[in-house]
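Enquirer: Residues per chain are reported as follows:
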Amino acid sequence: MQDEPTPVELTKSVADFLRNDIAPLVSGHQAFKLRVAVNILELVTRQLTQEEGSDAAEVERLRVLLGMDGSVTELNAALAERIAKGEVDLATPGLAEHLWATTMDKLAVDQPNYASYKRELGRNS
Amino acid sequence: MIEAELFRSVQRWCSGATGVTGAAKLSGGASQETWRFDITHPDGPIGAILRRSPKGYGAAPTRAAGLAAEAQLMQLAYEAGVPSPRVMHVLTPDEDLGTGFIMQRVEGETIARKILRDEEFAAVRPKLARQIGDVLAGLHGLPLDKLPELRSRNATQEISEFERDYRSLNWPKPVFELALRWLRDHDPGPSAETTLVHGDFRNGNLIIGAEGVRAVLDWELAHLGDPMEDLGWVCVNSWRFGEIDKPVGGFGSREELFAGYEAAGRSVDPLRVKFWEVMGTLRWGIMCGGMMQRFREGPDHSMERAMIGRRASETEIDLLRLLAPRGS
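From first to last, the protein sequence lines are chains A and B.
For the first sequence, position 46 matches number 46 in my numbering, and the numbering has no gaps at all.
For the second sequence, position 161 matches number 286 in my numbering, and the numbering has no gaps at all.
A portion of the hints provided could be inaccurate.
With a straight-line Cα cutoff of 25 Å, these simulated BS3-like cross-link-like pairs (lysine-lysine) come out [claimed, not checked]: (1) A/K33 - A/K12; (2) B/K271 - B/K252; (3) A/K118 - B/K399; (4) B/K239 - A/K33; (5) A/K33 - B/K399; (6) B/K239 - A/K118; (7) A/K118 - A/K12; (8) B/K150 - B/K252; (9) B/K150 - B/K239.
Partial chain A-side listing against chain B, Cβ under 10 Å, derived [said to hold, decoys possible]: (10) K12; (11) F17; (12) V36; (13) L48; (14) Q50; (15) S71; (16) A78; (17) L79; (18) A80; (19) R82; (20) G94; (21) W100; (22) Y114; (23) R119.
Output of the computed footprint for chain A on chain B, the stretches with three or more beta carbons under 8 Å from beta carbons of chain A [what the hints assert, rightly or not]: (24) 130-140; (25) 289-299; (26) 303-314; (27) 358-371.
Quick caveat, the hints were computed from the structure, so don't treat them as lab data.
Keep in mind the model is a prediction, meaning the values are calculated, not measured.
Where a beta carbon is used, it is the ideal one built from N, C-alpha and C, also for glycine.
Start from the sequences and build out the full structure, keeping to the hints where you can.
Expert: Right, dumping it as structure tokens:
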């Protein structure tokens, strides 16, 4: 077992430093790049916090949908292949719900401020 | 020094010019650059833009029309009254500036979020969707016999090309697979009419002033095809920049876009527009994947490129909203 602070706490400390101490010192294109850098660190902390839970739920749904076992990567590839072959489509029970749940979990990490995501989040799915 | 080279060129086609100042690179990857500069002239300074591939980068990527074709299209558009910068000069090899062209600099705003939020555009915003319909009608009406040689792409060919691009990424995405199936099932076939298609007509590639569209930029993806492709692409959710209930670039409704297009004497096929919107959404998603790949393998190891790779999921949610909408 590794010691603490956790990766999330460490990454946050770097983001805080960049935002609070460095941002006021730079301007123009450097300021733009700094914002991108901070956004990256924030994305990483969201992923570190959420990935384990969302992957486990995704695997659970995929096992039911596909009737097979495997890692999240293997199962995702298998689903892609079945859709490509036309063996699974939107008429397949559970597919739309699975794709929605998976995509919402991705947006929660990638772009929680994306307008379509916020709209869908406000819906009672 | 690029100003000295530019001045040598300017002297040949701009009579009375006495110098070149303020040259600054606005954007550029390895193969293509955009510079701004001012021509000093007794009648007052002339704002100019250079678009070029530096020496040694002559070959255009496969989908691009090439800078020579781009210059020709912009000039044709300008002459036909479609808002476009005037092309002042096409570079010749002896000028040592690479390949490309110099055009008049059009003042105005291109940054989508500013156009959608800033007060100075508040009055024009509600008019833009309709105006864009009118501009696209003009663009699609450019005479085919005057166009430079361009690649020709119908819906079926585009689906195959995007599928190949997507498969080459080795990046299995169930939502993209679903979209590919949908596109094949809804392929409208060849369009009744083949016209010039801009190929990247969207909020972000338009110079907007207080009175409306001043210029259409970035003609590098121009080709021959279904005119409805441009109407679908301008509606892709990513180009609404948060204004998701205003499909046309965040400015207004499809009905306004269609009305502007039809008032200019052309007809709209809404089902084809929808098809091209789905296609466009997938296209942007695959482009995000391409950015990820170039970040990983290519020379551009920038943070910006890496983050665009993580924008693929925005196209997945938008594809689901189009193809498997949840109850409202």
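Enquirer: All the hints need checking, so say for each whether the structure fits it.
Expert: Checked hints:
no. : hint            : result
1   : A/K33 - A/K12   : 18 Å, holds
2   : B/K271 - B/K252 : 31 Å, violated
3   : A/K118 - B/K399 : 23 Å, holds
4   : B/K239 - A/K33  : 19 Å, holds
5   : A/K33 - B/K399  : 36 Å, violated
6   : B/K239 - A/K118 : 21 Å, holds
7   : A/K118 - A/K12  : 24 Å, holds
8   : B/K150 - B/K252 : 33 Å, violated
9   : B/K150 - B/K239 : 22 Å, holds
10  : K12             : 18 Å, violated
11  : F17             : 17 Å, violated
12  : V36             : 5 Å, holds
13  : L48             : 15 Å, violated
14  : Q50             : 13 Å, violated
15  : S71             : 13 Å, violated
16  : A78             : 9 Å, holds
17  : L79             : 5 Å, holds
18  : A80             : 4 Å, holds
19  : R82             : 9 Å, holds
20  : G94             : 12 Å, violated
21  : W100            : 6 Å, holds
22  : Y114            : 5 Å, holds
23  : R119            : 7 Å, holds
24  : 130-140         : violated (count 0)
25  : 289-299         : holds (count 3)
26  : 303-314         : holds (count 3)
27  : 358-371         : holds (count 5)
When each numbered hint is compared with the structure, violations occur for hints 2, 5, 8, 10, 11, 13, 14, 15, 20, 24.
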